[in-house]
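With chain A's structure known, arrange chain B with the ligands on it following the hints.
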Amino acid sequence: MIKKGSQIVCESLLREGCDVVFGIPGGAILPLYQTLPEYPELRHILVRHEQGASLAADAYARITGKPGVAFATSGPGATNLVTGIASAQMDSVPLVIVTGQVNSWTLGTDAFQETDITGITLPITKHNFLVMDARDIADTIKEAFYIANSGRPGPVLVDIPRDAFIQQVDYSDEPSIDLPGYSPSIKGNNRQIKRAAKLISQAEKPVIIAGHGIIISKAYDELRNLAEKAQIPVITTLLGISCFPEDHVLWTGWPGMHGMAYSSLALDEADLIIALGMRFDDRITGNPQKFAVNSRKIHIDIDPSEIGKNISVDVPIVGDVKEILLELNPIIEESVHPEWLKRIDQLKIEHPSLKLPQTDKLLARQVIKDISEITDGQATLVTGVGQHQMWAAQHYRFKKLCSFLTSGGSGTMGYEVPAAMGAQVADPDATVWSICGDGGFQMTMSELATIVENRLPVKFAILNNGFLGMVRQWQEIFFESSYVSTGYSGNPDFVKLAEAYGIKGIRVTDKTQVKPAITEAMDHDGPVLIDFIVEQEDNVYPMIPSGMTVNEIIEENLDQKVTS
Amino acid sequence: MSSFSEKHTITALVEDRPGVLNRISSMFRRRGYNISSLAVGQSETSGLSRMTFVVQGDTKTVEMVAKNLNKLVEVIKVLDISDENAVSRELALIRVNSDVSNRGEIMQIVEIFRAKIVDVSKDTLMVEVTGDEDKVDSLVDLLATFGVHEVMRTGTVAMSRGVAFESLSGPEN
Ligand SMILES: Cc1ncc(C[n+]2csc(CCOP(=O)(O)OP(=O)(O)O)c2C)c(N)n1
Ligand SMILES: [Mg+2]
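Just so you know, the protein sequences line up as chains A and B, in that order.
When the first sequence is numbered by the working numbering, its final residue is 564 and no position is left out of the sequence of numbers.
When the second sequence is numbered by the working numbering, its final residue is 173 and no position is left out of the sequence of numbers.
Next comes chain A alone, as it looks inside the complex (with noise of 0.2 Å):
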């Protein structure tokens, strides 16, 4: 059968379970654009600016587990993919992304709007792809996909001459794969998953530190027989929130720079600890010639790489975290470690760091409380980047699974928009709440018109502390509180904002208003948009000051007032 190049496009999307594509058109790619009506399957969510459609993209695939799907133009819309790509990158989240390129004949020539897009995602992609010729297209969408969401999943970029989107070719083979270079290990080694079992067998003081990976690799139900088994206690990374259930007695919080004491010190006490589907971030080890030393490791990652690069183990296993857990599981011993757990109880109780201060100021930490109370720990949580993030993970109890979307490993503010509307394209019903900075959500607010364009009824909470309130803690306790080009002064009103979209806008100054506007905005049948006016100098608790270990570790003082 005779086909364009773009028909080939949506219906090789649509062979791979698309359903969902974020983007903007443009010259090179409006062929594409153009063919899309005869393909309403296809739902194209048309944002306001790339980086709303890449980083949308990425959390629609967090919840789905299915590639996240973009469509950008040559030039700058291409380029303005590139901080969702990074991110999903960092994150290890697949991604499509197919962006036109200008006519092939001009390529090389500087022509109107050409940019060099698989040059500059080249160390940002897990791989990408020029295709030259209508004919190679099928077969790339189908690599793009095999690569994006196999072994380590990452985004993938297709990028495409506007004369291959037009160009009819005979299309009728089943597309196929061909990459003799790739091929992800998904089992584990037999004789290694034997030497972890006895290390947990012997081990007094385990710990099981779990990763983005157990939710990558739906290994939820691996991992609690695994904790329950053998009463190992379950930390968590900052991505790896939500993979484990927060009221379950073994949870024992999450570790590192902003994490709670009583994780970091439980790491640095066991003497084993068992890394599941997660990289030993430096914002988890801190100086990693001083990390957990006196513990045996074992690392299960999906990812050879990754293995020994910051930390050396003791057992290393190479494949599907799910898969390994399915051998290892059977074969480890029932155990109970009631020492070490009372161990750790203590240190709960002695290093309380979820513990807010008595005040009547409003916290940003007392709204996230609010929520996850009201929401009885049933909501996804999707953040921006700085304290306010920090924060919704210390202070929501997660209880549903995959259910907190963070830039972790990219750190890229602005997340908290795109991605709110992502999630809740993916997951219709589920109750988005998107907490956002002041900051973070100035640079992507311009999604709010997608999000009323499709009827999306995310729930925003602006924690706002009038700074680029990380920044300002770091010059606070490392440069003598000399606040260089964070105060924002000229801040929008943003409920008037809201209320220019069409969004439901609410304004809350008193502590005693936050449950009430949360209850208001869950029944209101739509997108809300609070805007919290919360305690502008207040810092995030426990620090682990970059580079340095738990030993140098700052607790917040409960008894000293707070500062205004």
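Hint data in this document are derived by calculation from the structure and do not stem from the laboratory.
Errors might be hidden in some of the hints.
[Stated by the list, open to error] Label pairs and their calculated CB-CB ranges:
1) D116(A) <-> G47(B): 19 to 29 Å
2) E150(B) <-> P123(A): 26 to 36 Å
3) S43(B) <-> V249(A): 53 to 63 Å
[Unchecked claim] Okay, the calculated bits of chain A under chain B, using three or more residues with CB under 8 Å as the criterion:
4) 118 to 129
5) 176 to 183
6) 300 to 309
Backbone N, C-alpha and C fix where the C-beta goes; we use that ideal spot for every residue, glycine too.
Leaving out everything else, chain B with the ligands in the frame of chain A:
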């Protein structure tokens, strides 16, 4: 495991596609690995090229190099053949100052190194030499006393002897 910095020879079988070299060099640059030399050519299979890298670093670094090479979609197989069981060769062209007074002396040196003189002009000689890196280095050093104008080296290519070689990048490393 040695932790001191030394030269390692790694070979990679890669798909012969536009941009592959770019991806590989980008990975080396980004991760801060040091390539002392790089040679690329067609392999025995059409559509596939073989690359030889000489990399400076400790064992761990070289292990990470191999793992990160392997992670690239277009890289098919990576081998560390640093052990003495490999043959490594490089070709160099050296243009050296020479006139009738020292031509004989240079020719003697060239002879000892089983190198060849491939071009002669009034006051220079061009020498072609094949051998491992050390041999080429020594010849260049010796010729330097006469004044070396230009050196053009291909970079090392290497192949292990026999058939059994160990992959550095197997998942269980
Ligand atoms: C795109 C981007 N630019 C800059 C930064 C550096 N940065 C990290 S946190 C932060 C402050 C964020 O301010 P806001 O969104 O208001 O959140 P808050 O910390 O006040 O809760 C900044 C500027 C970043 N992470 N991302
Ligand atoms: Mg702020």
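Verification of the supplied hints:
About 25 Å separates the C-beta atoms of D116(A) and G47(B), a value consistent with the hinted range of 19 to 29 Å. In this structure, E150(B) and P123(A) meet the distance hint of 26 to 36 Å, their C-beta atoms being roughly 34 Å apart. Checking the proposed 53 to 63 Å range against S43(B) and V249(A) shows it holds: the Cβ atoms sit about 58 Å from each other. Residue count for the region 118 to 129 of chain A with a Cβ under 8 Å from a Cβ of chain B: 6. That meets the three needed, and the coverage hint holds.
With 4 residues carrying a beta carbon less than 8 Å from a beta carbon of chain B, the region 176 to 183 of chain A meets the three-residue requirement, and the given coverage holds. Requiring three or more residues with a Cβ within less than 8 Å of a Cβ of chain B, the coverage given for the region 300 to 309 of chain A holds, as 6 such residues are present.
When held up to the earlier numbered hints, the structure conflicts with none and fits them all.
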